[in-house]
Amino acid sequence: MRLWKAIALLNLALGVGLLIGYLWWGREASRLRQETTLTIQAGAAALEEREWAVRGVVRSVIPEINVLVVTHEDIPGFMPSMTMGFRAANPKLYAGVQVGDLIRFTLKGVPPNVTIVAITREGKS
Amino acid sequence: MSMTALGLCARWTHVGAGVFLVGTFAFLLLAGRSDRLTVVAWERRLTRWTRWAAGLLLLSGLLSLSYQAAVVTGRSEDALSAATMLRVAGATQFGTVWLLRHGLLLLLAGLILLREREESGWDWAAFRGEGLLLGGTGLGLLAWAGHAAAVEPGGLAAAGADALHLLAVGVWLGGLLPLALLLRAAGQEVGADARPFAVLAARSFSQISLIAVLAVAATGIWNASNQIGNVASLLGTRYGHLLLLKLGLFVPILALAAVNRLRLLPALSGEAETVGRPAMRRLASFVALESALGAAILGVVILMSVTPPGRHAEPWWPLPFRFAYPPPHDVAGAGTRLLVGSQVALVGVLGLVAGWFLGWRRRLVVGVAAAVLVAGLGVALPPLAVEAYPTTYRRSPIPYQAASIADGRHLYATHCAACHGRTAEGDGPDAAGLPRKPANLSDPHVGRHTAGDLFWWLTRGIPGSGMSGFGDRLSEAERWDVVNFLRTVSAAGRARGLTAVVEPDRPWLVAPDFTYAVGPGASRSLKDYRGRRLVLLVLFTLPDSRPRLGQLARNYDILQTMGADVVAAPTDGGDQIISRLGASPRILFPVVTDGAREIVAAYSLFQPAAWRSPPTHVEYLIDRQGYLRARWTPDARDWAEATGLLAEIQQLNQETISVPPAEEHVH
Numbered sequence: 034m035r036l037w038k039a040i041a042l043l044n045l046a047l048g049v050g051l052l053i054g055y056l057w058w059g060r061e062a063s064r065l066r067q068e069t070t071l072t073i074q075a076g077a078a079a080l081e082e083r084e085w086a087v088r089g090v091v092r093s094v095i096p097e098i099n100v101l102v103v104t105h106e107d108i109p110g111f112m113p114s115m116t117m118g119f120r121a122a123n124p125k126l127y128a129g130v131q132v133g134d135l136i137r138f139t140l141k142g143v144p145p146n147v148t149i150v151a152i153t154r155e156g157k158s
Numbered sequence: 181m182s183m184t185a186l187g188l189c190a191r192w193t194h195v196g197a198g199v200f201l202v203g204t205f206a207f208l209l210l211a212g213r214s215d216r217l218t219v220v221a222w223e224r225r226l227t228r229w230t231r232w233a234a235g236l237l238l239l240s241g242l243l244s245l246s247y248q249a250a251v252v253t254g255r256s257e258d259a260l261s262a263a264t265m266l267r268v269a270g271a272t273q274f275g276t277v278w279l280l281r282h283g284l285l286l287l288l289a290g291l292i293l294l295r296e297r298e299e300s301g302w303d304w305a306a307f308r309g310e311g312l313l314l315g316g317t318g319l320g321l322l323a324w325a326g327h328a329a330a331v332e333p334g335g336l337a338a339a340g341a342d343a344l345h346l347l348a349v350g351v352w353l354g355g356l357l358p359l360a361l362l363l364r365a366a367g368q369e370v371g372a373d374a375r376p377f378a379v380l381a382a383r384s385f386s387q388i389s390l391i392a393v394l395a396v397a398a399t400g401i402w403n404a405s406n407q408i409g410n411v412a413s414l415l416g417t418r419y420g421h422l423l424l425l426k427l428g429l430f431v432p433i434l435a436l437a438a439v440n441r442l443r444l445l446p447a448l449s450g451e452a453e454t455v456g457r458p459a460m461r462r463l464a465s466f467v468a469l470e471s472a473l474g475a476a477i478l479g480v481v482i483l484m485s486v487t488p489p490g491r492h493a494e495p496w497w498p499l500p501f502r503f504a505y506p507p508p509h510d511v512a513g514a515g516t517r518l519l520v521g522s523q524v525a526l527v528g529v530l531g532l533v534a535g536w537f538l539g540w541r542r543r544l545v546v547g548v549a550a551a552v553l554v555a556g557l558g559v560a561l562p563p564l565a566v567e568a569y570p571t572t573y574r575r576s577p578i579p580y581q582a583a584s585i586a587d588g589r590h591l592y593a594t595h596c597a598a599c600h601g602r603t604a605e606g607d608g609p610d611a612a613g614l615p616r617k618p619a620n621l622s623d624p625h626v627g628r629h630t631a632g633d634l635f636w637w638l639t640r641g642i643p644g645s646g647m648s649g650f651g652d653r654l655s656e657a658e659r660w661d662v663v664n665f666l667r668t669v670s671a672a673g674r675a676r677g678l679t680a681v682v683e684p685d686r687p688w689l690v691a692p693d694f695t696y697a698v699g700p701g702a703s704r705s706l707k708d709y710r711g712r713r714l715v716l717l718v719l720f721t722l723p724d725s726r727p728r729l730g731q732l733a734r735n736y737d738i739l740q741t742m743g744a745d746v747v748a749a750p751t752d753g754g755d756q757i758i759s760r761l762g763a764s765p766r767i768l769f770p771v772v773t774d775g776a777r778e779i780v781a782a783y784s785l786f787q788p789a790a791w792r793s794p795p796t797h798v799e800y801l802i803d804r805q806g807y808l809r810a811r812w813t814p815d816a817r818d819w820a821e822a823t824g825l826l827a828e829i830q831q832l833n834q835e836t837i838s839v840p841p842a843e844e845h846v847h
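If you're matching them up, the sequences are chains P and Z in order. Each residue of the first sequence is one higher than the one before, counting from 34 in the working numbering. Each residue of the second sequence is one higher than the one before, counting from 181 in the working numbering.
Worth flagging that the hints you see were computed from the coordinates, not collected in a lab. One or more hints might be untrue.
Here's a subset of chain P near chain Z, in silico, CB distances under 7 Å, partners left out [said to hold, decoys possible]: (1) 40; (2) 63; (3) 90.
Virtual Cβ for every residue (Gly too), placed ideally from N, Cα, C.
Generate coordinates for the entire structure from the input sequences, incorporating the hints supplied.
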């Protein structure tokens, strides 16, 4: 075979290799993207009752609507640390709780519908 | 010989062999075909060399990989472990690039070894073209295993420029050796048959190499500015020094190239015995010298590849002075001198250009113009020169944060206040007995010294002033804390005029970052709000601040809707502060229980007269870029009604962003 023909074939092979590599890479990327969305959906679909023990500081007690506003630490798998209101399962739970109290409370429910089912006071802040 | 030296030698051989191959194939293509005996002998010799080069290329490539394996794991015995080498090849960017390159290089070696007789012009061109293609790609891809690919952002552009740099170096530097061989062969008596071929080849190589050298210079400058960034890193880091060495080797190469092009090349076709052949032999040795210098440059480049780039290293400034504009100290008449001097220098530059192009009495004109230029610079520059120290361009390793400033403030009170005064105005009790009056550190000029200057004075003292160094009493981190504190003090001096009215589009006062926590919640920092929300930082004292806090609490939802958040820090440290605030009014914005002391210590500096009587209530409005834009105290009317505050927030919301975000470290 003539040398130049061999070289032309070689370059053709390299070019095809490059093309295949590029296409494979593109497919791999879209597959990864799909998997990520699936995982996220699967995570969101976990609709089962859960329970957390969380620490927080009481910012406000609103008996009229049965809500306790708490600045709380991270709630793993549910929400990061923030200030927000939670409904209490029954008004007796927060009898005696005052603004500024450090509390440890138990949250229970199917996210996002969770309620406080237990409270212990730990100190003041 | 140590492991590192071996590894670097391997890399040097690798790059050198690659450059040689690219240059040789390019040169062979460029020189064209000839069946003169001397030329054929020369080509045969080159082919033999390319075989060696290809072997060396693969061998040194393998050694580089084994060196990298030892570098990655940090154990020298891993250099011989095939398993580690495989892992490095499979799992790192270096490895991916390595595999790709060596695939191509294997093909190249196969091409060279299995080469048959070329029967047609097509074969001839295909062989050389393919050698150039494979070798060039293999060389260019090296850029993706080096510093350039790590540039953020724009790594692709930087690596692309680096690849072009490598290719141009290959075509130019790698072509020098074949050229030298050809010229030497043709310069001998028996090689007379190759002379016309050699002259033509030298001419066309001269054209191509001019383009290649220009490309090398352009991409080199671009790369260097990516990796170095500023003069301090050039003069003050190891990487910068290596770059200077590289340039130092490049200059004689350019000079040689210029002599070759302007003097020797035209002489080649002169009368054989007296002019042509001697010129050819001289050219051959000059070209060989050029390529030796080029090999030395490659060595420097290899050293640079294992040295952290200048922009990541702390520069150690080597000169006793630097130029600063505007100068930190006002020198009488500096402005006039600058104006006059720069105009004179400009005349000098114009003279140089004119003299060069006019050609009329060139030497005289150029000489006079150069003298005028020097004189102009001599007038303009001296007022701008300020003393500099090795640490002048050091960057603070301690971020500009409230906690650091608070520590610095505390250290200042114990170590410096005796001389510089409790309020930093230079009027401490010990000031009287000193040879020189202690500086007023709240003066804006202190802000014009670099952070590194301040650090140097704190470490070594100021000779002859009575201020001794604190290098033995304060740790390095503590000295940077004091520097951060001094920065705040001089910024606060400039911020005396800050009011409750936002000055539109003119952010300049950096709000020190701070971290805080509310109860057991995760700690947050001011920077978390960057680019997203405005922050109203409230320093408050109970019970005086209670009505104002109530007012803010009532308007909290409006403030939030308008993109502002409130962070309230108690001036008394905040023990049980949320309990003390009580249930009514209902306060839901963050009230700092952890970190308040540092915030108050740092931010109260931005309050005039805060030194003498700490503020009871003050509010700062911080924009989304991290700049402090307005300050309010209850004795001013502006924000007494919530609408006043909301108007300023609205003003900031409408602002177009004109400055980069506030820097994390002082300079």
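Going down the list of hints, with the structure as the test:
1. Taking 7 Å as the C-beta contact cut-off toward chain Z, the hint placing residue 40/P at the interface holds, the least distance being around 4 Å.
2. Violation of the interface hint for residue 63/P is found here, the shortest Cβ-Cβ separation to chain Z being roughly 21 Å, above the 7 Å cut-off.
3. Taken as an interface hint, residue 90/P checks out: its beta carbon lies about 3 Å from the nearest beta carbon of chain Z, inside 7 Å.
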